[in-house]
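S.K.: Using the sequences plus the hints, can you model the full thing?
Per UniProt numbering, residue 1 is the first one in the sequence shown, and the count goes up by one each step.
Think of the hints as simulated: they come from the structure by calculation, not from any bench. Accuracy of the hints is not assured; some may be wrong.
[As the list claims (entries may be wrong)] Simulated restraints, written as ranges between beta carbons of each label pair:
1. Asp133 with Pro30: 18 to 26 Å
2. Arg39 with Glu104: 36 to 44 Å
3. Gln29 with Glu59: 18 to 26 Å
All C-beta atoms in this analysis are idealised placements derived from N, C-alpha and C, irrespective of residue type, glycine included.
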Amino acid sequence: MSVDRNGGPAVPQTRTARHRRIVDILNRQPVRSQSQLARLLADDGLSVTQATLSRDLDELGAVKIRNPAGELIYAVPSEGGYRTPRAPLGESVKEERMARLAGELLISAEASANLVVLRTPPGAAQFLASAIDQAELHEILGTIAGDDTLLLISREPTGGQELADHLLRLAQRER
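M.R.: Encoded structure:
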């Protein structure tokens, strides 16, 4: 098992975990070469050969695209069925998307200790949870979504109310 040097959870040395880490890296920052990606994975404690990395990128459907700065970078198809690879979104774009969806979908937010329960219309919880996950807010340890209810877990033992208030402010801003 490898330990994330950014204070994240330990990552098992499995193909699935490696694929998830590759997707996370490619969505988080521009990567121009396989050797750069191998170094970034090594920084996270995952050592891979060039052959394995090449095979992983092929299995993930990764392609090189031109980003807004004109650089050729690796990109993978988005989750949710979108097959066209896109360059990584900036942090402000991710938070704006989360705010817009919170404004459209959030019915209520209630906190207890480090937990927040969000209510949405039926069928919308997983969509909002995905936007929250993609925003990669440091204060959120994780999300669990059902049909119309999300459970957010705050990283801080008493951070639930602050997190609920933040999401409610975002939702109000977008209305």
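S.K.: Evaluate each hint against the coordinates.
M.R.: Now for the hints, and whether the structure bears them out:
Between Asp133 and Pro30 the Cβ separation comes to about 21 Å, which falls inside the hinted range of 18 to 26 Å. For Arg39 and Glu104, the hinted distance range of 36 to 44 Å is satisfied, since their beta carbons lie about 40 Å from each other. Between Gln29 and Glu59 the C-beta distance comes to about 21 Å, which sits within the given range of 18 to 26 Å.
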